Amino acid sequence: MNKFVFDFEKPIVELENKIQEMHELAADGKVDISTEIDQLEEKAEKLRDEVYSNLNRWQRVQIARHPRRPYTLDYIERITDSFQELHGDRLYRDDRAIVAGLATIDSVPLAIIGHQKGRGTKLNIFRNFGMPHPEGYRKALRVMKLAEKFGLPIVTLIDTPGAWPGLGAEERGQAEAIARNLFEMSTLRVPIISVVIGEGGSGGALALGVTDRIIMLEYSVYSVITPEGCASILYRDANLANKAAEALRITPTDLQELEIIDEIIDEPVGGAHHDWDFVASNVKKSIICKLEELKKIDIDELIEERIDKYGNIGFFDED
Amino acid sequence: MANWFKRTSDNLEGSKKRELPEGLWVNCKSCEAVLYAKKLERNYYICPECGHHMRLSSESYITLLTDEGTWKPFEEGMKSQDPLDFRDSKKYTDRIAASMKKTGRNEAVQVGEANLDGHEIVLAVMDFSFLGGSVGSVVGEKISRAIDRAIQKKRSLIIISCSGGMRMQEGVISLMQMAKTSARLTRLAKEKLPFISVLTDPTTGGTTASYSMLGDLNLAEPEALIGFAGPRVIKQTIGQDLPEGFQRSEFLVDHGFIDQVVPRLELKQRIAEFLLLLTAKSPSFKSVSSSSEKEGGSTSED
Numbered sequence: 001m002n003k004f005v006f007d008f009e010k011p012i013v014e015l016e017n018k019i020q021e022m023h024e025l026a027a028d029g030k031v032d033i034s035t036e037i038d039q040l041e042e043k044a045e046k047l048r049d050e051v052y053s054n055l056n057r058w059q060r061v062q063i064a065r066h067p068r069r070p071y072t073l074d075y076i077e078r079i080t081d082s083f084q085e086l087h088g089d090r091l092y093r094d095d096r097a098i099v100a101g102l103a104t105i106d107s108v109p110l111a112i113i114g115h116q117k118g119r120g121t122k123l124n125i126f127r128n129f130g131m132p133h134p135e136g137y138r139k140a141l142r143v144m145k146l147a148e149k150f151g152l153p154i155v156t157l158i159d160t161p162g163a164w165p166g167l168g169a170e171e172r173g174q175a176e177a178i179a180r181n182l183f184e185m186s187t188l189r190v191p192i193i194s195v196v197i198g199e200g201g202s203g204g205a206l207a208l209g210v211t212d213r214i215i216m217l218e219y220s221v222y223s224v225i226t227p228e229g230c231a232s233i234l235y236r237d238a239n240l241a242n243k244a245a246e247a248l249r250i251t252p253t254d255l256q257e258l259e260i261i262d263e264i265i266d267e268p269v270g271g272a273h274h275d276w277d278f279v280a281s282n283v284k285k286s287i288i289c290k291l292e293e294l295k296k297i298d299i300d301e302l303i304e305e306r307i308d309k310y311g312n313i314g315f316f317d318e319d
Numbered sequence: 320m321a322n323w324f325k326r327t328s329d330n331l332e333g334s335k336k337r338e339l340p341e342g343l344w345v346n347c348k349s350c351e352a353v354l355y356a357k358k359l360e361r362n363y364y365i366c367p368e369c370g371h372h373m374r375l376s377s378e379s380y381i382t383l384l385t386d387e388g389t390w391k392p393f394e395e396g397m398k399s400q401d402p403l404d405f406r407d408s409k410k411y412t413d414r415i416a417a418s419m420k421k422t423g424r425n426e427a428v429q430v431g432e433a434n435l436d437g438h439e440i441v442l443a444v445m446d447f448s449f450l451g452g453s454v455g456s457v458v459g460e461k462i463s464r465a466i467d468r469a470i471q472k473k474r475s476l477i478i479i480s481c482s483g484g485m486r487m488q489e490g491v492i493s494l495m496q497m498a499k500t501s502a503r504l505t506r507l508a509k510e511k512l513p514f515i516s517v518l519t520d521p522t523t524g525g526t527t528a529s530y531s532m533l534g535d536l537n538l539a540e541p542e543a544l545i546g547f548a549g550p551r552v553i554k555q556t557i558g559q560d561l562p563e564g565f566q567r568s569e570f571l572v573d574h575g576f577i578d579q580v581v582p583r584l585e586l587k588q589r590i591a592e593f594l595l596l597l598t599a600k601s602p603s604f605k606s607v608s609s610s611s612e613k614e615g616g617s618t619s620e621d
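Read top to bottom, the protein sequences are chains A and B.
1 is the number of the first residue of the first sequence in the numbering used here; add one for each residue after it.
320 is the number of the first residue of the second sequence in the numbering used here; add one for each residue after it.
No wet-lab data here; the hints were simulated from the structure.
In this text, all values refer to a predicted model and were calculated from it rather than measured experimentally.
Ideal Cβ positions, reconstructed from N, Cα and C, are used throughout, including at glycine.
Be a bit skeptical, because a hint or two may be false.
[As the list claims (entries may be wrong)] Examples of chain A residues toward chain B, derived with CB under 10 Å:
#	residue
1	Asp81
2	Phe83
3	Pro165
4	Ala169
5	Gly203
6	Ile260
7	Glu263
8	Asp308
9	Gly314
10	Asp317
Could you put together the complete structure from these sequences and hints?
Below you can see the structure in the form of structure tokens.
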């Protein structure tokens, strides 16, 4: 099995391998070791619970970046009845790090936009590791404006290490593209929901994240800077990412405590990569439920609420 | 033993890291001319030899831009909390305290009402000497309230940016200040009140990627570093040296993101000129703009 295993998962995998071996041994029917197998399976179950309920924040970051974790297109495939991808920002080119298009979910027409990572080296280069250039954000905004024009709600899926820090990105106004999205998204006259499915990496994530409801998957993270980046600036050592991840408080539970997000979606024990369909169906349920909720709110009211929601984020003392 | 030679983070503080040069003489970093400090200060930290713009304190910008006796600051007492109980090599609260002591101010931005060449404005000026002008809850809130004040008093908004980006020590709360300020600016836009953004050296990260880039007009001081990613990060990414002038004000004008590069000593006059044009409201044309005001092309109820 070429499974991708983290250090903290090794005891579990060892045990699972052992169980597998015993199953093979038992298969020829010569010895009855079913009691032993049951015992070991129980033990494995316990171990999984123990490991995954005590993950530290850095381990959670690793799960959020797991190479087998479902990406935007994997969700789109599972939650939509049909999907038509739309390409290009009408200004420069099509950015493959962002996927955008029109779809129906349970017959409800809407626009879906998300960061897209690639699996494997070749696809990762094609998708630029899910790190958009300005044209990606401008494509996203174009499709959002299209949705607004035709009264379609918008769902965004967030999964990026951050906006691409490169020459071309700066030349074409990475900062302006992000700022423009933050500004324009605040007053879109249709309901808009964001789901953080993996990495919510800083401004590059937020540029798809100014929404009426913010949902996070159980093993996703949302942060102002990558733990590595923070560690190399504040601790002058990128190897202290572990420490930085703790300090930055980046888990869904952290964000719920800070009253930034609205809901946490369950993943299977150990993370979404263990069962794509399960997570996708949870995501779908949550989107439908939130859309129902938002549908009932007058759009002018919704926009004021959206602006005020972000307006209320902050901790300070006044004289 | 070798520790004697190592800078331990705790023992350097304050005086060595001052932004404003001390002593009688100062070296211009650009042309290396030796300059008389007092004279440099009187010249708003512009090198009289080569015109290089050095960093300027928020006080000096206020003096430079506002009519005498008109500056009325608000929210001066607002102070940061430590919502994440953050510590790296130092506690966040200690860093804040040190910055307050060093600058004599409570945070990285000053906001107030003022007159600029007779124009009634709300002015926000960031200060790099306070934790690198980083944006946390207080800066986000003060900028937001400056926007509210401009709306309430029907004034134009001027923001002078000088910032390394979002403040890591407040984590995702800092990140959300980008959304907070940008969203709030939509209300100013709806009232058709002018927002002139002035970007100074440096304006990077989330600050650029939010309110600093959202001016009706974006002006920049000469040769200011302006960008999203820092040059060091980009250099690491592409593995080669950056082209001459990359991410400087003039580069941003060339690429279409800044309207004009304006030398510091001309800023006041230029802003006044723009405000005159943007707030002229010639009666015959005003009615045209208000009838096409309907948002998002939606049909109206009445």
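Status of the hints after comparison with the structure:
1. Because the beta carbon of Asp81 (chain A) sits about 28 Å from the nearest beta carbon in chain B, more than 10 Å, this interface hint is broken.
2. A cut of 10 Å between beta carbons decides the hint on Phe83 (chain A): the least distance to chain B is about 25 Å, and the hint is violated.
3. For Pro165 (chain A), the interface hint holds, since its Cβ comes within 10 Å of a Cβ in chain B; the closest pair sits about 3 Å apart.
4. Taken as an interface hint, Ala169 (chain A) checks out: its beta carbon lies about 7 Å from the nearest beta carbon of chain B, inside 10 Å.
5. Interface hint at Gly203 (chain A): satisfied, since its Cβ lies 5 Å from the closest Cβ of chain B, which is below the 10 Å cut-off.
6. For Ile260 (chain A), the interface hint holds, the least distance from its beta-carbon to any beta-carbon of chain B being 6 Å, beneath 10 Å.
7. Taken as an interface hint, Glu263 (chain A) does not check out: its beta carbon lies about 16 Å from the nearest beta carbon of chain B, beyond 10 Å.
8. A cut of 10 Å between beta carbons decides the hint on Asp308 (chain A): the least distance to chain B is about 9 Å, and the hint holds.
9. This hint holds: Gly314 (chain A) has a C-beta 4 Å from the nearest C-beta of chain B, less than the 10 Å allowed.
10. A hinted interface residue such as Asp317 (chain A) counts as satisfied when its beta carbon comes closer than 10 Å to some beta carbon of chain B; here the least separation is about 5 Å, so the hint holds.
Taken one by one, the earlier hints fail for this structure at numbers 1, 2, 7, listed in ascending order.
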